[in-house]
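Protein sequence lines, in the order shown, are assigned to chains G and E. In terms of UniProt numbering, the first sequence has 13 at position 13, counting the first letter as 1, and numbering is strictly consecutive. In terms of UniProt numbering, the second sequence has 329 at position 329, counting the first letter as 1, and numbering is strictly consecutive.
It should be emphasised that the hints constitute simulated quantities derived from the structure, not laboratory data. Here a beta-carbon is modelled for each residue, glycine too, at the ideal position from N, C-alpha and C. Accuracy of the hints is not assured; some may be wrong.
[As the list claims (entries may be wrong)] Partial chain E-side listing against chain G, Cβ under 8 Å, derived:
| no. | residue |
| --- | --- |
| 1 | Leu21 |
| 2 | Gly42 |
| 3 | Gly203 |
| 4 | Asn206 |
| 5 | Arg249 |
| 6 | Gly250 |
| 7 | Lys268 |
| 8 | Ala271 |
| 9 | Gly272 |
| 10 | Ser273 |
| 11 | Pro284 |
| 12 | Asp292 |
| 13 | Val309 |
| 14 | Tyr310 |
| 15 | Leu311 |
[Stated by the list, open to error] A few chain G residues that don't get close to chain E, going by computed Cβ distances all over 12 Å:
| no. | residue |
| --- | --- |
| 16 | Ile41 |
| 17 | Lys49 |
| 18 | Val52 |
| 19 | Ile55 |
| 20 | Glu64 |
| 21 | Ile66 |
| 22 | Leu87 |
| 23 | Asp93 |
| 24 | Lys130 |
| 25 | Arg138 |
| 26 | Pro139 |
| 27 | Gln149 |
| 28 | Asp166 |
| 29 | Lys190 |
| 30 | Lys313 |
[As the list claims (entries may be wrong)] Keeping only pairs whose Cα atoms sit at most 25 Å apart, straight-line, the calculated SDA-like set for lysine to any residue is:
| no. | chain 1 | residue 1 | chain 2 | residue 2 |
| --- | --- | --- | --- | --- |
| 31 | G | Lys177 | E | Gln302 |
| 32 | G | Lys301 | G | Glu258 |
| 33 | G | Lys322 | E | Lys92 |
| 34 | G | Lys307 | G | Pro254 |
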Amino acid sequence: MDDDQQSICSAGVFSDIASISELENVVTSKDGENLQISQNISRIRNKQKRAVAYIKLRKEQRKERIKLRRQRQKMREELGKDAPPILPPKTIDNRREKEDTIVQKEDREVLLDIESDEMAPYFQRKQCPKILLTTSDRPRSRTTRFLKQLGEVLPNSFIFYRRALDIKKIIPQCIAKGYTDIAVINEDRKNPNGILLCHLPDGPTAHFKVSNVRLRKEIKHSTTPSEHQPEVILNNFGTRLGHSVGRMLAALFPHDPEFKGRQVVTFHNQRDFIFFRHHRYIFRNEKRVGLQEIGPRFTLKLRSLQKGTFDSKFGEYEWIHKRHEMDTSRRKFHL
Amino acid sequence: MPNEENVSKLANVWLGAETGLLKSVDLCKKVATNHFEQDKYGKEHEICSMCWANVEKTKLYTGHKSGAARCFDLSKGTYTETHTIPGFQSDKEKLVGLNTVKDSFLTCTSKGCVKLWSGCSDDVTTEFPAGDDVACISYNEDTHCVAAGGKENLMKIWDLNATEQPVFKSKNVPPNWLQHRVPVWVTSILFLPEPTKVLTTTGTHNVRIYDIKSGQRRPVLETEYSEYPLTASALLHSNDNQVIVGNTRGEMASFDLRKMKQVLRCYKGFAGSIRDIVCHKSMPYIFSCGLDRYLRVHNANQPKPIHKVYLKSRLNCLLVTDEDIEKSEGDSKGTKRRADGSEDENEVGLWDKMDEISDDDSDELSSDSGADVNENTLTEKRRKS
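Chain G on its own, in the form it takes in the complex:
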């Protein structure tokens, strides 16, 4: 119990705003020379002269880089076996900005929060998902096809024509009939572009942007699904917000996948984009696995997460993507 208390004691993470600004200062002072030159260039008022100066600067920078690379190559050849290992390439993903809300495994407080959230009955196996699928009003053919195919992916889901009903009026009826989720697909110019996922009876409600929709027919060598319950893979939902969203998505599929069907649904999060894929696999031998895509294929991006059932006017938001405030860095991710 002592350990538990200790972990529940570490109550928070401080975002060190001060130290970040200091770091930036250090960086600027490091390549201060280049900075000075580039500043001087921006002060040149004649556009042609400025362009020439800029090209010259870029050339010099390139020369410097090539020189350094040559030096490193030479050193590596000289040292042979003792050479330092080649560093992994710098990518946006591995230089991700430090996120305070990454969930640690042994964190009792977050666990306490997660275990008593709205999706808890599903994870305690007290509830089986039952999903209502519908669209925005007057859907066009591509959206209806997408809806149909999504209905084949989600076991125990029911497709309904919207009939110009308000979502706020649908919700109480759904709760009475024992639905656990509502998914509403929105379309724009005949193409599906958004999905609203509302967990019942007490929320939360997530709004996603949908892009790059490929229906089954548009995927090469695609096939049709069977009625087996699929396995679910959720990748990289590391932050606190990611956990909430991941749990919502997991709660759409029933427990106990039927492995006989060899179907797998993947939600892969990379740089805040959630990629949805639906495959059938086969173990060809001990080493090789064959994959066949079933489809559909699409990408989700979280726009907002709201507490409670759908109420975009008076509902309280837990998280909203504010582009101008949040997207300050290419290496900052929220999920």
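Keeping the supplied structure of chain G fixed, place chain E upon it in accordance with the hints.
Relative to chain G, chain E alone:
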């Protein structure tokens, strides 16, 4: 919990979380601690409201979802007493208000049952109904009055010495330009420093000021902010004419009470709904918490937060001590943080020093001290002349 005594003495901010944990945050040392009683945490013990138990701010009361008000001793770092509201049904009603009244405290439930408790014993001295669906309650020390309001429940003010009839009953605003009735939805109430004036924020994104003296039951001043329900409001103590409001989408702004029509300043950095805003008693700091699980500290003059603490649970309410948040001088950390933007504290210190300088010996002093002081003395000289 190691050396908890120190922790709770030095903490700047106390927060109540949805998970039933009481959190203390020391912004100087960057320490956050959870305080809880064994088996008395979890969502059924969610902390809904908090207030100080005495003027010295050595004790505080926490109001729980289960209908209990518990006293927490800051020096001991433990809960000392528990008061349960008789007949409270936690599935049907919520505890919406908890306020200090002299030596005792008052509680208010969403069903409108206001109770004034007598200090440490479990007796209720005064009890009166405040109407259905109460969302907020506020107490004014000077006039010994209580104001309450909520959804379809207009703001009313009672004198605690005579609670049979309210002293002031507000009246709904006239129908809008489409001749539609404007719904009543009071979300927070503030007594302004001028004791006859009361400020309310509404779910229909209005900020309204009522004046009891004016003889008018409708608001004397009214303005709008954004398009979403306002959830919290606070008065900036360092400047009495400024009020801060926050809404469900994580937008916070300050207004000047004399010039209500326009926003004075917007504050940034929020991701989710704001649940509570509190300002520092003497410094221009704004503390806010909400559903995005962050405690944020803004300087009233800057849009970006100066401190941001992730506290792992959704936060419902907060209290702020009178301590200065940048007080740790001497150690390197303190000076570093001072350098990064909050010059106000620096400036205040300097101006304090300068009072001693007279015109005659200013030359002498400026030669001794650093460059900043030199500049400042010069400016003061100019001002004097």
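Status of the hints after comparison with the structure:
{"no.": "1", "hint": "Leu21", "verdict": "7 Å, holds"}
{"no.": "2", "hint": "Gly42", "verdict": "6 Å, holds"}
{"no.": "3", "hint": "Gly203", "verdict": "7 Å, holds"}
{"no.": "4", "hint": "Asn206", "verdict": "14 Å, violated"}
{"no.": "5", "hint": "Arg249", "verdict": "5 Å, holds"}
{"no.": "6", "hint": "Gly250", "verdict": "6 Å, holds"}
{"no.": "7", "hint": "Lys268", "verdict": "6 Å, holds"}
{"no.": "8", "hint": "Ala271", "verdict": "5 Å, holds"}
{"no.": "9", "hint": "Gly272", "verdict": "5 Å, holds"}
{"no.": "10", "hint": "Ser273", "verdict": "4 Å, holds"}
{"no.": "11", "hint": "Pro284", "verdict": "17 Å, violated"}
{"no.": "12", "hint": "Asp292", "verdict": "6 Å, holds"}
{"no.": "13", "hint": "Val309", "verdict": "5 Å, holds"}
{"no.": "14", "hint": "Tyr310", "verdict": "4 Å, holds"}
{"no.": "15", "hint": "Leu311", "verdict": "4 Å, holds"}
{"no.": "16", "hint": "Ile41", "verdict": "30 Å, holds"}
{"no.": "17", "hint": "Lys49", "verdict": "37 Å, holds"}
{"no.": "18", "hint": "Val52", "verdict": "39 Å, holds"}
{"no.": "19", "hint": "Ile55", "verdict": "37 Å, holds"}
{"no.": "20", "hint": "Glu64", "verdict": "33 Å, holds"}
{"no.": "21", "hint": "Ile66", "verdict": "38 Å, holds"}
{"no.": "22", "hint": "Leu87", "verdict": "31 Å, holds"}
{"no.": "23", "hint": "Asp93", "verdict": "22 Å, holds"}
{"no.": "24", "hint": "Lys130", "verdict": "25 Å, holds"}
{"no.": "25", "hint": "Arg138", "verdict": "27 Å, holds"}
{"no.": "26", "hint": "Pro139", "verdict": "29 Å, holds"}
{"no.": "27", "hint": "Gln149", "verdict": "33 Å, holds"}
{"no.": "28", "hint": "Asp166", "verdict": "18 Å, holds"}
{"no.": "29", "hint": "Lys190", "verdict": "30 Å, holds"}
{"no.": "30", "hint": "Lys313", "verdict": "7 Å, violated"}
{"no.": "31", "hint": "G/Lys177 <-> E/Gln302", "verdict": "51 Å, violated"}
{"no.": "32", "hint": "G/Lys301 <-> G/Glu258", "verdict": "29 Å, violated"}
{"no.": "33", "hint": "G/Lys322 <-> E/Lys92", "verdict": "35 Å, violated"}
{"no.": "34", "hint": "G/Lys307 <-> G/Pro254", "verdict": "23 Å, holds"}
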